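Number of protein chains: 2
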Amino acid sequence: MSETLKVGIVGYGNLGRGVEMAIKQNPDMQLEAIFTRRQPEQVNQGNGAKMLHVSEAEAYIGKLDVMILCGGSATDLPEQGPVFAKMFNTVDSFDTHAKIPEYFEKVDAAAKQGGYISVISTGWDPGLFSLNRMLAEAILPEGNEYTFWGKGVSQGHSDAIRRVPGVKNGVQYTIPSDEAVAKVRSGSNPTLTTREKHLRDCYVVAEEGADLKAIEQAIVSMPNYFSDYDTTVTFISEEELKANHSTMPHGGLVFRSGKTGTSSTQIIEFGLKLDSNPEFTASVLVAYARAAAKLAKQGQTGAKTVFDIPFGLLSPKSPEQLRKELL
Amino acid sequence: MSETLKVGIVGYGNLGRGVEMAIKQNPDMQLEAIFTRRQPEQVNQGNGAKMLHVSEAEAYIGKLDVMILCGGSATDLPEQGPVFAKMFNTVDSFDTHAKIPEYFEKVDAAAKQGGYISVISTGWDPGLFSLNRMLAEAILPEGNEYTFWGKGVSQGHSDAIRRVPGVKNGVQYTIPSDEAVAKVRSGSNPTLTTREKHLRDCYVVAEEGADLKAIEQAIVSMPNYFSDYDTTVTFISEEELKANHSTMPHGGLVFRSGKTGTSSTQIIEFGLKLDSNPEFTASVLVAYARAAAKLAKQGQTGAKTVFDIPFGLLSPKSPEQLRKELL
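Quick note, the sequences are listed as chains P and Y, same order.
When you number the first sequence by my numbering, it's gap-free, plus one each residue, and the end is 675.
When you number the second sequence by my numbering, it's gap-free, plus one each residue, and the end is 675.
Only chain P is shown next, with the shape it has when bound in the complex (with noise of 0.2 Å):
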């Protein structure tokens, strides 16, 4: 590990945006380049970032302490994480949660045999809400778990609204019910019906002369993602749409309701409120790439998550400094 941690990125969406700029919030790291399978020179280049075609990120083999990974777990990571696992210490944001042990498995043998570390699955959900509910569930063994998330877009819904026959663009935000959040927060332990945790709101533009009507109860009715909640459907032109739903805002709460001694309620509650999706989960992979960066250094290989990483390797500070000033 150099005194300046190189750090390549690989994939240049939202997510890798994010990774950019908060690279330049971390003066203990500098952005070496990023790696795109689109042709570099058709990437837009503003950020005076090298932008290399991901066929020459081998050249790169021992020049980088860690390469974060930025594509989508649908397709993207699946392929990527076990490949760049082989020949760099790596940080992703494999989301996928069903899927998570089999991809630990096959990144872990990856990595292993590389002799590099790859710490899969960060971000916000997974990540920083695992680590919460994890704490939670071993200081209060005897107790329940509640997430809620939102108030944010949530993408597969809106790609569901898209779907619907005379819709041309839409939007759906995951609300938390304000109801349920202040029934867990009172203590009271409530049992509570997916319809009682989230609300969603959608706002759809339809073709010129669709059947609102139509499309509305189309939605409303759609099993899976609509059926089971209150759903609140608005219908606005696509200016409105751009200027006033264009941005990713996102967020949510984990709580932990649970009793000690006889008869002591105790809760723990987590929340994020985020203007941007996307720029915060990057911020959490960059914090995680000082850490792989660090258990490399140790002698470390193979995969990690956030369970086994120690907060302390998230810091630039030392341990002493650490202790000193935040404990």
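In this list, chains with the same sequence are indistinguishable; a pair is considered to hold if it fits within one copy or across any two.
Here are the simulated SDA-like pairs of lysine to any residue, each with C-alpha atoms no more than 25 Å apart in a straight line:
#1 Lys499 x Lys607
#2 Lys672 x Thr495
#3 Lys454 x Lys665
#4 Lys531 x Gly498
#5 Lys590 x Gly504
#6 Lys454 x Gln669
#7 Lys545 x Pro571
#8 Lys499 x Val529
#9 Lys411 x Asn374
#10 Lys354 x Lys607
#11 Lys499 x Ala528
If you're looking for bench data, these hints aren't it; they were derived computationally from the structure.
Keep in mind the model is a prediction, meaning the values are calculated, not measured.
Chain Y: place on chain P using the hints.
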């Protein structure tokens, strides 16, 4: 490490009793003995645990996986911490922030000499609050941190009230200002004075015939403790104090309000709402006792803090289970 963790407790005040109860919630642990400085036969033994004089602890060397030190930070732990670290893996809640570096060094030397692990300064502040301050700073290097304490009883402030002439008894609650908390949650990154952050709410039992106006004035104008705060004084009867103000609730909030990219506000919030401060601290100690035993099994020695310990070690679940169930 045996299959069931054998645990000892030193000190049988509120915290020690909390640890005793918390161990019962964790089927992988077994309480072997409680060590007290009092005459064991004079200590309430209603819960069935073996009660021994602290001088008998040495006979348990090699027979315990962890000793949980439940003494106070003012005089007990500075003496007991290094002594027990030479004989057992230990966990404590040393909470004198300014003296943590010095305490760490002493315990570290003792633990390394004995070949044991000592986890110091666990609990919630220091402890969970420290972890959240550190994590949030690492993720959002450009931002501000805000900690609010309460609503909860402050022993130091309650003691200060009881030293005022004419006061028979009293309890002081530290209360975060709703307005200040709302400002922080809004992302406005406010600059908050001491007076704006917390209120101090005092319940006072006066001696018969005492000058109530003089007592109130002495409290609200007391330097260091009350003069920088908006303080409320309510006179009540001894019966009312015992009936309504004898529990030990506490809690608080840790925020980081940061910026990423060009202008996105990102807020991380961690909060505790505790019916019983000592029982919750005890539950944290017990989770870190499990981690201490696992670290010892790995062959590690010396003093550790919450910053050095991966969350996964706090759980009775295996890494595979954690990845599958909680990531």
